[in-house]
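For reference, the chains in residue letters:
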Amino acid sequence: MTALTDLGVAAIRDGVKAGSFSAREVAQGFIAAIEKARALNAFVVETPELALAAADAADAARAAGTLKPLSGVPLGIKDLFCTKGVQTTAGSRILEGYKPVYESTVSGNLLAAGAGMLGKLNMDEFAMGSSNETSAWGPVLSPWRRNDGGNTALTPGGSSGGSASAVAARLAPGVTGTDTGGSIRQPAAFTGITGIKPTYGRCSRYGMVAFASSLDQAGPMARDVRDCAILLEAMAGFDPRDSTSLQLDVPRWEANLSNDIKGKRVGIPREYRIDGVPAEIDAVWEQGIEWLRDAGAQIVEISLPHTRYALPAYYIIAPAEASSNLARYDGVRYGLRVAPEQGNLADMYEATRAAGFGAEVKRRIMIGTYVLSAGFYDAYFNQAQKVRALIARDFETVFADVDLILTPTAPSAAFGLGEKSADPIAMYLNDVFAVPASLAGLPAISVPAGLDGQGLPLGLQIIGRALDEQGVLDAALAFEERAGFTARAEAWW
Amino acid sequence: MSVDEKTVRHIAKLARIAVSDAEVKALAPELSNILGWIEQLGEVDVAGVEPMTAVIPNQLRLRDDVVTEGDRRDEILANAPRAEHGFFAVPKVIE
Numbered sequence: 256m257t258a259l260t261d262l263g264v265a266a267i268r269d270g271v272k273a274g275s276f277s278a279r280e281v282a283q284g285f286i287a288a289i290e291k292a293r294a295l296n297a298f299v300v301e302t303p304e305l306a307l308a309a310a311d312a313a314d315a316a317r318a319a320g321t322l323k324p325l326s327g328v329p330l331g332i333k334d335l336f337c338t339k340g341v342q343t344t345a346g347s348r349i350l351e352g353y354k355p356v357y358e359s360t361v362s363g364n365l366l367a368a369g370a371g372m373l374g375k376l377n378m379d380e381f382a383m384g385s386s387n388e389t390s391a392w393g394p395v396l397s398p399w400r401r402n403d404g405g406n407t408a409l410t411p412g413g414s415s416g417g418s419a420s421a422v423a424a425r426l427a428p429g430v431t432g433t434d435t436g437g438s439i440r441q442p443a444a445f446t447g448i449t450g451i452k453p454t455y456g457r458c459s460r461y462g463m464v465a466f467a468s469s470l471d472q473a474g475p476m477a478r479d480v481r482d483c484a485i486l487l488e489a490m491a492g493f494d495p496r497d498s499t500s501l502q503l504d505v506p507r508w509e510a511n512l513s514n515d516i517k518g519k520r521v522g523i524p525r526e527y528r529i530d531g532v533p534a535e536i537d538a539v540w541e542q543g544i545e546w547l548r549d550a551g552a553q554i555v556e557i558s559l560p561h562t563r564y565a566l567p568a569y570y571i572i573a574p575a576e577a578s579s580n581l582a583r584y585d586g587v588r589y590g591l592r593v594a595p596e597q598g599n600l601a602d603m604y605e606a607t608r609a610a611g612f613g614a615e616v617k618r619r620i621m622i623g624t625y626v627l628s629a630g631f632y633d634a635y636f637n638q639a640q641k642v643r644a645l646i647a648r649d650f651e652t653v654f655a656d657v658d659l660i661l662t663p664t665a666p667s668a669a670f671g672l673g674e675k676s677a678d679p680i681a682m683y684l685n686d687v688f689a690v691p692a693s694l695a696g697l698p699a700i701s702v703p704a705g706l707d708g709q710g711l712p713l714g715l716q717i718i719g720r721a722l723d724e725q726g727v728l729d730a731a732l733a734f735e736e737r738a739g740f741t742a743r744a745e746a747w748w
Numbered sequence: 539m540s541v542d543e544k545t546v547r548h549i550a551k552l553a554r555i556a557v558s559d560a561e562v563k564a565l566a567p568e569l570s571n572i573l574g575w576i577e578q579l580g581e582v583d584v585a586g587v588e589p590m591t592a593v594i595p596n597q598l599r600l601r602d603d604v605v606t607e608g609d610r611r612d613e614i615l616a617n618a619p620r621a622e623h624g625f626f627a628v629p630k631v632i633e
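Going down the list, the protein sequences come from chains E and D. Using the numbering used here, the first residue of the first sequence is number 256, and each one after it goes up by one. Using the numbering used here, the first residue of the second sequence is number 539, and each one after it goes up by one.
Derived by calculation from the structure, the hints in this document are not laboratory data. Some hints could be false.
Derived DMTMM-like pairs: lysine to aspartate or glutamate, alpha-carbon spacing no greater than 25 Å straight-line [what the hints assert, rightly or not]:
1) D:K563 <-> E:E615
2) E:K339 <-> D:E622
3) E:K517 <-> E:E556
4) E:K339 <-> E:E304
5) E:K339 <-> E:E290
6) D:K563 <-> E:D678
Could you put the whole structure together from the sequences, leaning on the hints where they help?
In structure tokens form, the structure reads like this:
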């Protein structure tokens, strides 16, 4: 018999409904798995009592015939989401001990749909990182190891690294992630799971600790495409508390999910073939192209001419917004306070922020402060916003001709902890394929495509038109059926 | 663009982050490097391009100017490092 922790979101939901097992048994299974896997450092806070309470409510609902869409499904919540009464730190020392008095809309939507919360997932500090190494609570380890017989600790990617590790290690059937410039897709690719960033505005940002507000978007990470569709449907929706929330009905992504992509036109952007990317990434991309062709799609070569400027534009826009958003951490209203003896208010601000922020966060706040400072605003920030408009226009132009775009998710497989932390720009390059869709606000998914020579997962990305999550999910399903990716990390933890 | 140590101190001041001498020394080349890398944006021809303001067309909504969630003083103060008499407490501002 399959262990309950080997089941995904749909299988758990359906099994609880059918009475094949109780929600309590499911919750207990995942709680035990989490306790055993503390070496991965995926969870910052464990909340078994909340998961069990939701499970009991689900079992009672089944008896009463009042099951909800996610009744019986326990989930992990990225520590970027405010959770009422449960510590929320966004991976930062400056928020240590902060217990929100309110619930974020996204996590609240999931709980209202009947889901339980297993705990809060570790992440890069304020989502600034691509390897989880910037977390104040220590890096998350990937459950994956290279097949060289060694035990090099590998990154699960970032910033949603705890989320990725938890799903890949079967500590949760599904989780929330957030994506500002690849933070759902890159970790999904590194750990052999599926993660989708919806169109900007689909998921409310209310109660999500802000990094770069014009880019931040929540999305689900799970083992397969259907599970992502189910979770996204529960997470998304109009919220008057977020001024950029889209006032649209949530489509029925799961019910409408179809592997029929015959006649769809899929663009392959030539600018995504860049120097220095391992041949294995190209090979898996070629394989992906063949799978979509096999599914009846037409493959079209396209050009997105401003692609190479996406990353530098992102590293102006995101730090600029971050420098403004993170001004709120001043030691007055919540979180850490460091008040030097005899110091004045400004001394308190400076000492609090010096002690509370890690090196990468300070670096980005300072870059952001610089590019917004008097005399530099036009040359940096305005120029970046103009380039961003050109990048969005590139996509708009090609989407007049194609329905979807297929690219690699990341330029490499997972790397070892510490291998890239000395060089910020080398770290930033991880998101070279993920950032353009973020800047344009488009829906994009990462799906596992295969293993490289070291036995590590590689993912491909499918980008769609704004609001066409259905097209993205459908193509991902057709892809998933052909990829037949069943590899999983062997438990060493 | 090369960022010197004086500039680093100025930015840190604007960002309200205390920096040690050693940090300033390390940050100057780091920030120079990153800014040097992002300066390639200068080569893009942006003539006639408006800076992006909204990534997905969206209309800002207005709501009635009424209190929707009042009377939450204690909740708002619940996470304050120091609260006194129903207020946030900070070091003396005016001598």
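Now the hints, each set against the structure:
1. D:K563 <-> E:E615: holds (16 Å)
2. E:K339 <-> D:E622: OK: K339 (chain E) and E622 (chain D) at ~24 Å, within 25 Å.
3. E:K517 <-> E:E556: holds (18 Å)
4. E:K339 <-> E:E304: holds (14 Å)
5. E:K339 <-> E:E290: holds (23 Å)
6. D:K563 <-> E:D678: holds (16 Å)
Violated hints: none; the structure is consistent with every hint.
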